[in-house]
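Residue numbers (this note's numbering), protein chains in the order written: chain A, 1 to 581; chain B, 1001 to 1341.
There's no promise every hint is true.
Unchecked claim - Cut-off 27 Å, straight-line C-alpha distance, at most; resulting in silico cross-link-like pairs (DSSO-like, lysine-lysine):
no.	chain 1	residue 1	chain 2	residue 2
1	B	Lys1009	A	Lys484
2	A	Lys468	A	Lys322
3	B	Lys1080	A	Lys257
4	A	Lys489	B	Lys1047
5	B	Lys1271	B	Lys1148
6	B	Lys1238	A	Lys345
7	A	Lys257	B	Lys1148
8	B	Lys1047	B	Lys1148
9	A	Lys484	B	Lys1079
As the list claims (entries may be wrong) - Just a sample of chain B residues kept apart from chain A, beta carbon distances all over 12 Å, derived:
no.	residue
10	His1075
11	Pro1166
12	Tyr1265
13	Glu1280
What the hints contain is simulated information worked out from the structure, not anything from laboratory work.
All C-beta atoms, glycine included, are put in the ideal place defined by N, C-alpha and C.
Below are the chains, spelled out letter by letter.
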Amino acid sequence: MNNYINPFEGERANALSDDEVLQFYIEDNTYARFIRSKRNIFLVGERGCGKTMALRYNSFGVLCKKAKQDGQDIDFSTIGIHISGSSILHKQEYLLLVDDFRRSITCEHFLVLSIMWEIANSLCKATEIQDAIKQESDRLLQDFEYILGFELKKEYDFFTVVRNFTLHEARLTQNKINRYDSDEFYDNTMSFSSTIIPFIELIKSISIFNNSHFLLMIDDAQTMNEYQIKILNSWIAYRDHANLSFKVATTKVDRPKFITSTGGTILEGHDFTSIDMEKPFQNPDSDFYILAKKIVKKRLELIGLNNTEAEDFFPEHPNFTKDIEACKDFVREEAEDKYTDGANKKINDYIYKYARAKYYRDRLEKGKANMPPYCGFKMIVAVSTGIIRNLLEPCFFMFDLASSNKDIDIEKIDCSIQNQIIIEKSKELWTFINEGLDSSVENCSREQAKQISQLFNNLMILFRNRLKSHKSEPRAITFTVSQKTTHEKTYNQVKKLLDIARKSQILYTRTSRSKDDGKLETYYTPNRLLFPSLGLDPEGQHARASLKASDLWNAAERNTPIPYGDDNETVKQQTLFDNYE
Amino acid sequence: MWNDQEIEKYLEKILKKRLGQYDGNNYFADYIKARHDLVEDVLPNIKITEPSLTDHGPFHVANVLKNAWYLLTYHDASKKLEAIKKFTALDLYVLCLSILFHDVGNINGRANHNRKVLDVYNYVRNNKSKYLDEKRLITKAAEVHCGKTNAGSSDTLLDIGNELYPLSGDPIKLLEIVGILRFADELAEGPQRTSDYLLKTDKITPESELYHKYASITHPFIDRDAGRIVLRYDINVKNETIDSLKEILLYTYKRIIKLDEERKYSKFYSKCLAPFMQTEVTFNFYNYNEENLSEELLFSIGRIILDDKCIPGDKQTEAVDLISKFSALDIDSIISQLNIN
Chain A
1 MNNYINPFEG ERANALSDDE VLQFYIEDNT YARFIRSKRN IFLVGERGCG
51 KTMALRYNSF GVLCKKAKQD GQDIDFSTIG IHISGSSILH KQEYLLLVDD
101 FRRSITCEHF LVLSIMWEIA NSLCKATEIQ DAIKQESDRL LQDFEYILGF
151 ELKKEYDFFT VVRNFTLHEA RLTQNKINRY DSDEFYDNTM SFSSTIIPFI
201 ELIKSISIFN NSHFLLMIDD AQTMNEYQIK ILNSWIAYRD HANLSFKVAT
251 TKVDRPKFIT STGGTILEGH DFTSIDMEKP FQNPDSDFYI LAKKIVKKRL
301 ELIGLNNTEA EDFFPEHPNF TKDIEACKDF VREEAEDKYT DGANKKINDY
351 IYKYARAKYY RDRLEKGKAN MPPYCGFKMI VAVSTGIIRN LLEPCFFMFD
401 LASSNKDIDI EKIDCSIQNQ IIIEKSKELW TFINEGLDSS VENCSREQAK
451 QISQLFNNLM ILFRNRLKSH KSEPRAITFT VSQKTTHEKT YNQVKKLLDI
501 ARKSQILYTR TSRSKDDGKL ETYYTPNRLL FPSLGLDPEG QHARASLKAS
551 DLWNAAERNT PIPYGDDNET VKQQTLFDNY E
Chain B
1001 MWNDQEIEKY LEKILKKRLG QYDGNNYFAD YIKARHDLVE DVLPNIKITE
1051 PSLTDHGPFH VANVLKNAWY LLTYHDASKK LEAIKKFTAL DLYVLCLSIL
1101 FHDVGNINGR ANHNRKVLDV YNYVRNNKSK YLDEKRLITK AAEVHCGKTN
1151 AGSSDTLLDI GNELYPLSGD PIKLLEIVGI LRFADELAEG PQRTSDYLLK
1201 TDKITPESEL YHKYASITHP FIDRDAGRIV LRYDINVKNE TIDSLKEILL
1251 YTYKRIIKLD EERKYSKFYS KCLAPFMQTE VTFNFYNYNE ENLSEELLFS
1301 IGRIILDDKC IPGDKQTEAV DLISKFSALD IDSIISQLNI N
């Protein structure tokens, strides 16, 4: 038996080595194009959608390794510096200061030190750079001393000295501010314009960097404090971006505000461009499905399965495929009766809407014994809700379970294992919603946790009712929230709960244009992993239900069923697990 | 139906606060009456006389009022009203009224519309003599907000000069006001002035198409805090040819120059506009998918910055350039006039 390697090992991107990033990352020209441009970019997407991987892949260290792997020269035209969660960046000493101005300059000081450290750390490792600056190290150190205004310890090469200096400075600042018996303030604080700009200009005086553009890639911006955010925005507003630009990764919920330190605003589409990293994932032609296939294929290569497609490794249950086809035939007959003019598009649309609905509906009516099998690569992509981490996690557990059962190399994952893991994970997610939100999610009270639990239970009841009997969009499992202007207070109450749900990753959003009036609308999609343990279809259809804020609030607060608009349906008090208890 | 603009709400408050309840109410009532007549009777009908123009109706007027507000206020709440407070209540009354009336002349045809306001004004005010001061102010403001002087110069604000323009015995900063009106009007561009439907179905006359297209791609932003005007152009290249793209880009460049010139011109006369030191421009090129209403950003160009900064020695201006601009400085001519041997 081979030594056990689970190809779907899903470490967070920050914990991967440069080699692993190179190994796992699927290059996307769209992102690379923007990340390597001179524009300020915000990469926006929920946790696990691939922001950190995209930034790390474009960092100087990784691209150096890639160049060596490919037998090419290192490209110095863009120097990507990944700045994430360093110990300096998240220093909290500013909280000890009372004065707002001093807090702001302290935060800028630590932010500047973080960036300098990352730049120096990235550049001190490459031997090509070491060779290039050997002759110039003294000059560089002298010039940098002039910029800083004090002496540096010149025991090592330029970048190593700078790296050590930043750590030393951070410690000195920390010590000064931390002294409880003193109101003294650290006098040598550094700013973007006094330090980073001249530092980068100094680096550019080195011949190999003469034409370089520095990409300062700041990760997890949603964790920055309010001062850091304003400072960063001010830097983004800085007019001269010939030498550097910012690429900022942030989640959608808790996305930083756009106010600068001077009270101004940075403008989307002008001062920066936002790139939404969450791709459409609705069907096998979608960008996410294609990406998911590539990711899985690359992972399978780690265990020697070089020509195995994702659909073959995670096969669909043959009965499921057969039964879906039977439902399509059944529904096709209905459509042909209805559309006697033989309009192919209408018939195909009809089949798209109702074939799968019939399949799941039939099983719901038959009860627990007839749960559909949740397996197949399409199913795994569907329950991922378009998030890469949600794709890899069930694959990891499936492979792990398959490995424990077998002594031979795995060439595919049995449907029974896929189904078992998906149902297990689905139930775990429900347990988290019903019991664990307030203890796991920051700023979620017990009352809010209960409201969210009730809301989600009622949403699923609604979706089940729609699946069973809705005349036009039975498989719609995405919704928008109306009454934003007519019931503002209620809308905001619901929005608060939905934001907590998003933070907990039990709800995701997409922004799209409404077909009614062309305005941008937020579409809410529950984590699709919630559907399997209820026997519902996680694939959904390309449609959305418009739900009133007042109905959603009643569902959350009073556990009232969300009214279902079909004329033949009467709203019954029922529990979610009626069919399966 | 009209939505009250921020500047109007502020106007009402400041009229009552500074002039007292009675006079304040009267002035505001006069303003509302004028607005009602123009919004109901005149502005929507400009389309009948000039069907191919971009919008000059109530939406445009509301847009200009909004722009005037943003030109005079800060986004930063701690100093929001710092600039607008320097205007008297009557200054603001005249500003808002000028905005209401500035384009009404279009109802009598586009050509020289800035000089055709009097008819409409008299209709609204019923020719009452108590409005003589106001009439003088409003018609003057409309006259100089665009076009040329009688002498054929584009420097129309020069006409206002140091002349005193009173209203009920109080001096009005007409020069400042018209500077704001001009600039706010120039900035009132954008998709709201045109119709996507008419553009897509080719219902706009060929000679006007370019102006409508320009409106559909333009997104201005007024940022007094940062001292800038931002022009963002979002261009959907899906149905464009090379020639049509070249045409719209060239026209856009001309409009950028025009707007930047307006910025400098308006702030020369209107000191309250002094903070606006630069015009920033970005172009975003998209592929717009009409089926799923999604936009794919292809690439961006930005930020292009046009500012007032002049670095000594940079422009390489020679003495001969000064002389060619001011012929009186011609040296030979000076020497000959001085009869020096």
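Earlier hints that do not hold, by number: 4, 7, 9, 10, 13
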